[in-house]
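Trainee: Here is what each chain is made of, one letter per residue.
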Amino acid sequence: MSFSRAVFFLLLLLVSSSPVYAIDSILIVRPSGHHFEQIVSGISDELAGELRYEDIVFDAKSTKSDLYAVIERYQPRAIVLMGNRQLKLFRGLQEDRPAISLPPSIAVAALFIDRVLAGSKNVTGILYEIPAVTSLVSLRSITAKNIKRVGVLYRHDMIDMIEENRRYCESEGIELVSVGISDSDANSTRKTKQALRKLADKSIDALWISNDSRLLTRDLITRSWMPFMTRFNKPVVVGVETLTKTQLNMGSLAVFPDHTGLGAQTAGKIFDLMDNRWKIEGETFEQPLSVIKHVNVKISQDRGIRFKESKLLQVDKVIR
Amino acid sequence: MHCRFSTLFCPEAKKLCVSSFFTVFACLFFLSEPCRANSPPTLYIYNPSYTKAHAMQKKIGAICPSLEVHVYGKAKDFKKHVLSSAPDATISLPDVIKPYTVYKTLLEGQREQSQLESYYLVSLGNALSVSELSKKKIGVIDLLGRKAMRAFIRSLLGDVAIKRVGKAEDLLPLLNFNGADALFISDSDLTDLKEVTRLKLKVTRTDIRLGLPVVSYLKQSDRDVISDCVSRFDPVVNSYLRVEKWRKAL
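Respectively, the protein sequence lines represent chains A and B.
If you number the first sequence the way my numbering does, the last residue is 321 and the count never jumps.
If you number the second sequence the way my numbering does, the last residue is 1007 and the count never jumps.
In isolation and in its complexed conformation, chain B is listed as follows (with noise of 0.2 Å):
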């Protein structure tokens, strides 16, 4: 028998924390702009879908030659590399790019003339509806991590119990053997999730309104090289992305 590893906070991480902090600092300080004159801007995409992440990177790296594509098949994949490497532009719903106060919005993405889709509550057996799900386990997509991710959820649902999937495909398992009470899933999940499953699924709409999808950039100079390969983007991928056409943000 023999101990691997460790994960405590102990005086090791705390040196580690420290050189860590130093190592960090030198990268972004001396490693910065320099270094990365000649390289392509990047650019970080994360949406919830059944399409594989690993397909779509390959795609819209074919579409946007001009630069570093990469795209993440869960939230907090993309939250660890926007944390670790920040990229130059984002996609991604705007509630996921909201904590990164540094990104502008370019494009947002609108489907039926709006930027705003509506988020429905998906049940077996009884129809249920917002006033109802007090205690109630809900599943939904984690966009934010636990607990951003409950608190979010509370903000619009009242005192629920939050269930997270990774995966949009992990909805259907969860609620099919009973790991919760509904899915509180977005009109895109709603479509997505009939195409799969022949569950006699009881939808109720809600009130609920979320964004879409939006473009985002740190800076001026990569603002036409972000639009320019946007703009290239065919059905597939803005379907992938749940929009139908992209706008100038306002």
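Same shape as in the complex, but just chain A (with noise of 0.2 Å):
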């Protein structure tokens, strides 16, 4: 390397990291996890050189009152939520203090971040939940099979969300069978296999496994879907990467949220929040954009599914 491109590079950089004053700032109020030092990791890529913040995380002791000393501490423009805990801590503070404005609030990394702060003022977010028509347009893609009819087993508090997704699915020509059943059913290990056994009677030529903790019990899983598995021999799309360990036999494909991709995303939220001023305009929540795909071909191969070799390309890991 020549004198005068390390300096070149070397101005180059120092351009590049050049302080800026007098900024606004962003404060972001998570928990401890891989999962969320990614999103922050994302976040402050993008923020970089244009608004500061400060990553406060928090334990399970921490309070409303926290919360509210936090926000008094750094008068930030707008604040980044994530995990459950921390949006019922902002709920609750909105409204134990109903008279006090709290800055703009944007909500990540949480479950059904638009049940828990409906109602909720001056929030936006973007939820967590991958939608169906993501993973199995996915899915689609990579499998030599035609995948037109997909099942989904669902509690029957969760019809919205199915609903919202047989919309989507529907704009790409994909049928979401689904079966429901109730709360109480769930906790059912024969129950849910005999709700699963239906559902594999409807012509199906896939299954989503949506994310709902409740019909995913340790339980459930060993007593209901493993033994189910043994008799189904299609692509099964799943939320969590943990489910296409290879000793389960679930998922031949998992589809789940790219964290730093989240976190670009809940930047491009704040500088929209920054390009209006600080305000934010219908408060909607958005669906996320950016996926990581694993796909388990020892699994897809055992129940005779082949997938395009070209396409495999396509996807973050090949677990074979």
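Do not take every clue at face value.
Claimed, not checked - Beyond 10 Å from chain A on every Cβ pair, some chain B residues (computed):
1. Thr808
2. Lys833
3. Leu863
4. Gly936
5. Thr954
Stated by the list, open to error - Below, a list of computed lysine-lysine pairs in the BS3-like style, where the Cα atoms sit at most 27 Å apart:
6. A:Lys62 to A:Lys122
7. A:Lys270 to B:Lys1002
8. B:Lys816 to B:Lys957
9. A:Lys149 to B:Lys893
10. A:Lys270 to B:Lys894
11. A:Lys192 to A:Lys146
12. A:Lys309 to B:Lys904
13. A:Lys280 to B:Lys892
14. B:Lys957 to A:Lys146
15. A:Lys299 to A:Lys146
16. A:Lys318 to B:Lys816
17. B:Lys894 to A:Lys280
18. A:Lys199 to A:Lys235
19. A:Lys146 to A:Lys194
20. B:Lys892 to B:Lys816
21. A:Lys194 to A:Lys246
22. B:Lys837 to A:Lys318
23. B:Lys893 to B:Lys904
24. A:Lys270 to B:Lys816
25. B:Lys892 to A:Lys312
26. A:Lys122 to B:Lys894
27. A:Lys149 to A:Lys246
28. A:Lys312 to B:Lys957
Hint data in this document are derived by calculation from the structure and do not stem from the laboratory.
C-beta: ideal position from N, C-alpha, C; glycine also.
Hints given; two lone chains; assemble the complex.
Mentor: Below, the structure is given as structure tokens:
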């Protein structure tokens, strides 16, 4: 490397990392954990040089008063809330002190954000659940099979989520075939297994397992899902990486959030707020855009499912 | 409750910046040519694609064992690495390489006998033309970062709002979930999109044509090894780079 080249890159590096003073700040309040750190990293990459941020980690003992204290201390233009506990603290703070005006807030990386924050003011966010259509379009593009009818088991309480997914799937020419069970039946391994068999009898091309923790308890996985899978020879799409483990014999494809991408999408919302003078317009919740895909070829081959080899280059991890 | 990390431009950060200056300077000055004399030349590649970077890195690395190949899936990762350890050669879109003026173009990618490709507006519902885009949200793959990308797209499409995504595959959900009124994408991106989706896309071809990937280099002495590497690219690699063949830069 010549000296002039070295100096050039040094200057380039310095210019790109020059501090900017008197810039607005954002407060991030989150739990500890690798995924949350990845989201912060995604936010940080985007904000660099334009906005500063404070990253505050709350633990299980943190309270609404702690949240109010950090807001008071840092006086942020906007708050990013991660994790369900932080969302509940925020909602509680709004309910306890309706007279105070909290900065606009963006909720991410929490389950069913739209439900948790229903009725909360001055808040927007990005949903954490990956829509079925995102996962099923990925499945369709990598499999040699035609995917037209996809089964899903759901609890009656989740009907709104299923209907929204059904609409998105329809636009892609995929029919979501659903079988619902009550909350009480979801506690029964026998009734859950019966519902799965009923679903399998509906001529489906694949199964989508939604991330409903009540349907994915250890008991239900080992005593309902896994026995059902031994005779189910269609692709199964799951929303968590662990369900593609070969020994579980469940998911042939896992599609789950790309946390760095979620951070970048969050930063996009922060910039939208900044461009709108820190005011939220239309308190809506966006769908997540960026995903990670893992394919278990071993499970799929055992079920007689073939993948297009060239399309496997489009997934993040291939388990063989 | 505890604070894990603070990114304010605090006195500590300034001290860090000063110490980083000397560290980086020392690294560049003392550890440059002599220490890298026996290292293979480095080649950094970025091109937006549905194909994953790690898969292409493995493939191109095998084709070009005399180069140290790194393929990046996002433009910002490419930029970060070019700035932190400047490669000896790059392959990327001309608009991505443009800010790094020390690089000279060695080869230009060609498709259908042109080194340019057409760009399209893709929407759902109504087709949109460039003249109808004022204040509309336009989805694009981020090539340059927020401010530079906004300036670049506005120079092409006028007064529009930009919605950036990091990966080509994120364009479809952006459009389907109403994150953008239209996408502004290349011919190659449109082909990939059509292969994946069955949404009723409304496609408008614009008059805008932008450059296909180019191979750039720093040192004259690396030209042959870089040219030799590119000449051995198979159709899979060239397809990933959206080119049919390479020609010497004029």
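Trainee: Please go over all the hints and tell whether each is borne out by the structure.
Mentor: Hint check:
| no. | hint | in the structure |
| --- | --- | --- |
| 1 | Thr808 | violated, 5 Å |
| 2 | Lys833 | violated, 6 Å |
| 3 | Leu863 | holds, 17 Å |
| 4 | Gly936 | violated, 7 Å |
| 5 | Thr954 | violated, 7 Å |
| 6 | A:Lys62 to A:Lys122 | holds, 25 Å |
| 7 | A:Lys270 to B:Lys1002 | violated, 40 Å |
| 8 | B:Lys816 to B:Lys957 | violated, 35 Å |
| 9 | A:Lys149 to B:Lys893 | violated, 34 Å |
| 10 | A:Lys270 to B:Lys894 | holds, 13 Å |
| 11 | A:Lys192 to A:Lys146 | violated, 30 Å |
| 12 | A:Lys309 to B:Lys904 | violated, 39 Å |
| 13 | A:Lys280 to B:Lys892 | holds, 18 Å |
| 14 | B:Lys957 to A:Lys146 | holds, 22 Å |
| 15 | A:Lys299 to A:Lys146 | holds, 17 Å |
| 16 | A:Lys318 to B:Lys816 | holds, 15 Å |
| 17 | B:Lys894 to A:Lys280 | holds, 18 Å |
| 18 | A:Lys199 to A:Lys235 | holds, 15 Å |
| 19 | A:Lys146 to A:Lys194 | holds, 26 Å |
| 20 | B:Lys892 to B:Lys816 | violated, 42 Å |
| 21 | A:Lys194 to A:Lys246 | holds, 21 Å |
| 22 | B:Lys837 to A:Lys318 | holds, 24 Å |
| 23 | B:Lys893 to B:Lys904 | holds, 17 Å |
| 24 | A:Lys270 to B:Lys816 | violated, 37 Å |
| 25 | B:Lys892 to A:Lys312 | violated, 37 Å |
| 26 | A:Lys122 to B:Lys894 | holds, 25 Å |
| 27 | A:Lys149 to A:Lys246 | holds, 26 Å |
| 28 | A:Lys312 to B:Lys957 | holds, 23 Å |
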